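**Student:** Protein sequences appear in the order of chains A and B.
So the first sequence is residues 2 to 113, counted in my numbering.
So the second sequence is residues 2 to 113, counted in my numbering.
Keep in mind that the hints were calculated from the coordinates and are not lab data.
Incorrect hints may appear among the rest.
[Unchecked claim] If you anchor each label on the Cβ, the simulated ranges turn out as follows:
#	chain 1	residue 1	chain 2	residue 2	range
1	B	Met70	A	Glu98	40 to 46 Å
2	A	Phe34	B	Arg107	35 to 41 Å
3	B	Pro31	A	Ala104	23 to 29 Å
4	B	Glu77	A	Thr65	46 to 52 Å
5	A	Met48	B	Gln46	27 to 33 Å
6	B	Val67	A	Arg64	36 to 42 Å
7	A	Met48	B	Arg83	30 to 36 Å
8	A	Lys38	B	Asp29	41 to 47 Å
9	B	Ala51	A	Arg64	33 to 39 Å
Every value quoted in this text rests on a predicted model; they were computed, and no experiment measured them.
Beta carbons are placed, not taken as given, at the ideal position from N, Cα and C, and that holds for glycine.
Protein chains: 2
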Amino acid sequence: MQDACEAREVLGIVGDKWALLVVRMLKDGPRRFTELKRSIDGISQRMLTATLRDLERDGIVIRTVVEVMPPHVSYELTTMGRTLREATAPLLEWSIEHLPHIATARAEYDDR
Amino acid sequence: MQDACEAREVLGIVGDKWALLVVRMLKDGPRRFTELKRSIDGISQRMLTATLRDLERDGIVIRTVVEVMPPHVSYELTTMGRTLREATAPLLEWSIEHLPHIATARAEYDDR
Numbered sequence: 002m003q004d005a006c007e008a009r010e011v012l013g014i015v016g017d018k019w020a021l022l023v024v025r026m027l028k029d030g031p032r033r034f035t036e037l038k039r040s041i042d043g044i045s046q047r048m049l050t051a052t053l054r055d056l057e058r059d060g061i062v063i064r065t066v067v068e069v070m071p072p073h074v075s076y077e078l079t080t081m082g083r084t085l086r087e088a089t090a091p092l093l094e095w096s097i098e099h100l101p102h103i104a105t106a107r108a109e110y111d112d113r
Numbered sequence: 002m003q004d005a006c007e008a009r010e011v012l013g014i015v016g017d018k019w020a021l022l023v024v025r026m027l028k029d030g031p032r033r034f035t036e037l038k039r040s041i042d043g044i045s046q047r048m049l050t051a052t053l054r055d056l057e058r059d060g061i062v063i064r065t066v067v068e069v070m071p072p073h074v075s076y077e078l079t080t081m082g083r084t085l086r087e088a089t090a091p092l093l094e095w096s097i098e099h100l101p102h103i104a105t106a107r108a109e110y111d112d113r
């Protein structure tokens, strides 16, 4: 039970839908802020900034300022981040696979 | 990408630290509300009620009123809920395993 209590704090970061989606979007290599913003439907600039900062602080993402013209900021998974990506993959796959069942369950619940 | 956008809505529920912990606590069978409240450190009565209602609405948890004396309410995973538990296990294990690394990364980040 102690482990679960400690894990709760970590889950506050990694068990967050935006964090899960950002980690997923970085699975194939570095991405610019603007690329992430565009590829994650519905995320605000402020939320993406906060999510990336939390992930950087937790050692899951590395932020690099790329000094080419025009200069830009790039994000990529750390070694630990790549293990997180592997751990989150089943949950994302589950979500995609069960979406229709959940939609049905919700409709039935709301009809009661 | 479309799948990811749809999954986002589901992740809003299942990619929530409290939902992940409730699902974990139900892995060994039905639990009463009061048992869940006690076993999930830091969850408020209101948050547990809301989390259980969302999970019930999504077809992940079944709520049963047990008509013994004293009557009480019991929660258990549905068949779909058990598959969710399996999908979330790697993320919970990852969180527990990497907690020390994350604590180190945070301390370094905050010292910059």
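**Student:** Evaluate each hint against the coordinates.
**Tutor:** So, going through the hints one by one against the coordinates:
1. B:Met70 with A:Glu98: 40 to 46 Å: Holds, at about 42 Å.
2. A:Phe34 with B:Arg107: 35 to 41 Å: violated (22 Å)
3. B:Pro31 with A:Ala104: 23 to 29 Å: For Pro31 of chain B and Ala104 of chain A the Cβ distance comes to about 26 Å; the hint holds.
4. B:Glu77 with A:Thr65: 46 to 52 Å: Given a distance of about 47 Å, which is inside 46 to 52 Å, the answer is holds.
5. A:Met48 with B:Gln46: 27 to 33 Å: At 28 Å between Cβs, range holds.
6. B:Val67 with A:Arg64: 36 to 42 Å: Given a distance of about 52 Å, which is not inside 36 to 42 Å, the answer is violated.
7. A:Met48 with B:Arg83: 30 to 36 Å: holds (32 Å)
8. A:Lys38 with B:Asp29: 41 to 47 Å: holds (42 Å)
9. B:Ala51 with A:Arg64: 33 to 39 Å: Given range 33 to 39 Å: holds, Cβ gap about 34 Å.
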